[in-house]
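Listed here are the chains, written in short residue letters.
2 protein chains.
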Amino acid sequence: MHDLSTRVLAKDVRALARAMRLIDDRAGAYLEILKDLFHRTGNAFVVGVTGNPGAGKSTLCDRLIEDLRAQGKTVGVIAVDPTSPFSGGAILGDRIRMGRHTTDPGVFIRSVATRGHLGGLSRSARDMVRVLDAYGVDVVLVETVGVGQDELEITRTAHTTLVVVAPGMGDEIQAIKAGILECADVFAVNKADRDGADGAVRDLELMIALGNDTMISASKVRGHVVHARTLKVGSAAAGETDDAATGETRWTPPILRCIATRNQGPVEIVRALFEHRAWLEGTEAGRARRKARLAEELRDGLREALIEVATRSLASELENAVRAVDAKELDPYTASEKLIEEFRRGGQ
Amino acid sequence: MHDLSTRVLAKDVRALARAMRLIDDRAGAYLEILKDLFHRTGNAFVVGVTGNPGAGKSTLCDRLIEDLRAQGKTVGVIAVDPTSPFSGGAILGDRIRMGRHTTDPGVFIRSVATRGHLGGLSRSARDMVRVLDAYGVDVVLVETVGVGQDELEITRTAHTTLVVVAPGMGDEIQAIKAGILECADVFAVNKADRDGADGAVRDLELMIALGNDTMISASKVRGHVVHARTLKVGSAAAGETDDAATGETRWTPPILRCIATRNQGPVEIVRALFEHRAWLEGTEAGRARRKARLAEELRDGLREALIEVATRSLASELENAVRAVDAKELDPYTASEKLIEEFRRGGQ
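Chains as they are written, first to last, in numbering that gives the first Met the number 0: chain A, 0 to 347; chain B, 0 to 347.
Hints may be right or wrong, so weigh each one.
The list makes no distinction among identical chains, and a pair is therefore deemed to hold if it is satisfied within one copy or across any two copies.
Claimed, not checked - Straight-line distance between alpha carbons at most 25 Å, and here's what the computed DSS-like set of lysine-lysine pairs gives:
| # | residue 1 | residue 2 |
| --- | --- | --- |
| 1 | Lys327 | Lys10 |
| 2 | Lys337 | Lys10 |
| 3 | Lys327 | Lys34 |
Hints are computed from structural coordinates only; laboratory data are not their basis.
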């Protein structure tokens, strides 16, 4: 076992920081460390926190950390930052706000920079979560900056995903992208004292009732399909519901109002997150979901590793292929096939 | 040679439609057809048209088609549609507007549905362009719905990319995502009679002058770095400029005002597009760019084909790996390595 791995498992916080840096940079013995630590993972509860910029995610995370700490739980935070150096301002501000927890030895905060590469980022986040998990952190929050496709991808690394929305930011729900319903396990309507909070809750209820994973606003839908709501919204109130079709308990995301700045609601949100965890662990559907996520992770990991290995070992062949295709001596489809054959032959 | 390929090359329009459908569906003999036709491609001028929804892309495309037809050129259009069935309304409207060209035997319009899969979509678009090219179409317009990462990816399949912006849609430039400057060869400021057109032009000039490929608004930048503009914007006026550092002619995207609904500007835009084509073909830098794009395409194609082949041939091994990782008998990193070894051994 690598020395850093041993020290991480012995709860050496400086080793933890170093291991995480290596993993984020994919440098040094990072892979060996990940392999070492994997067998000691599986205890941490990983919560993804996503939502539009300005929804108040960081303030809410701050409050969630407070509540978790009050319960005696240690907390890790992976904050996924965008690349743009210009938008760094707001994000930095958030980090500073959360920074008051940095003096708490039970809280570990680490930023991951968006590298423009989707797969790389969610892999990086997932690997860093693993290190925190092996180190012995009870809960890991993976906080993203927005709700784009990249962020949704990242939330797939979590057991449970909290989606934070706020009223009064234009048509908030409209900005929620395709895939959000698939990934949301708990909704928090933050800034719930503002105008439009009721509307936001209703829109979410409707979205859930429709089970509709679209890019458009629920309020837009409302004009067309009022009936669906009256038919179904009652069953979409909160938590577990009985799915008559499958006989399986199904999870319906609860919608919780909160005012993070006044510390109203975080306790209930934490409770809902743990209820979802219990659902994941206690039901067949929950276990199936965990396994499906693992399969997905393996497929993703295989895909990335495959591309890495192939691009490395085929560098010169690829160059020759470009020349041949450019000269129209070869078509790009046959070129791909030949390169793959070459790659597989190279394995001997 | 496949029968459909022969018929496409013999300018059978029904064979063309069928071949394109097969390719979009990746069905039947699509790969054989692509291989057949590749050697007859390379004559069409492929123009990507991108910009925010509402910028007036479809109306402008309509006008560009008109102008190209007036010059006696045949035109193909690949319209990349989003998946969402709900937003279909507006897009359908656009198609209908452009639909008046469908009675013109010199215009070929084909929609490609966004399938939620990035690579697949740009590959599909690229392959369909190839068929139109082999068929003998002079110009292919690849029109996307928005300016997201997916759309930018798609414009990379084009020789020349036209980015359409419009004033008065909030902070239009702000919405232009990372990567836009890298892909934009010609800018059209549509609805140029509206308030804010001058501002949009200035923002674009500044963005170009800064050479700054960021997600933020040029007007936001303006507050901080006014100097950069006064220093450089003069050289960013239009078309080819002399890059003193390399001695190579460099392309600076011209910014053209237009009012598509009144047919003002399309002629100049078409001219600018062809000027860019001449630059691509006539300069070392242009040729280098074409080759770099080809290399990129081959890498992408290899990547996709590799994943397809590997996922197919490793299906059962992958399932076993998921079971082993779930049972913590194996870590996911070693699992990937073993699967790749397995894949390469399977090539024999």
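Verification of the hints:
In this homomeric assembly, Lys327 and Lys10 come within 25 Å of each other (Cα to Cα) only across copies, at 22 Å, whereas the closest approach inside a single copy is 59 Å. In this assembly of identical chains, the alpha carbons of Lys337 and Lys10 never lie at most 25 Å apart, being 50 Å within a copy and 31 Å across copies at closest. Within a single copy, Lys327 and Lys34 get their C-alpha atoms only as close as 45 Å, which misses the 25 Å cut-off; across copies the closest is 11 Å, which meets it.
Of the hints listed earlier, the one the structure fails to meet is number 2.
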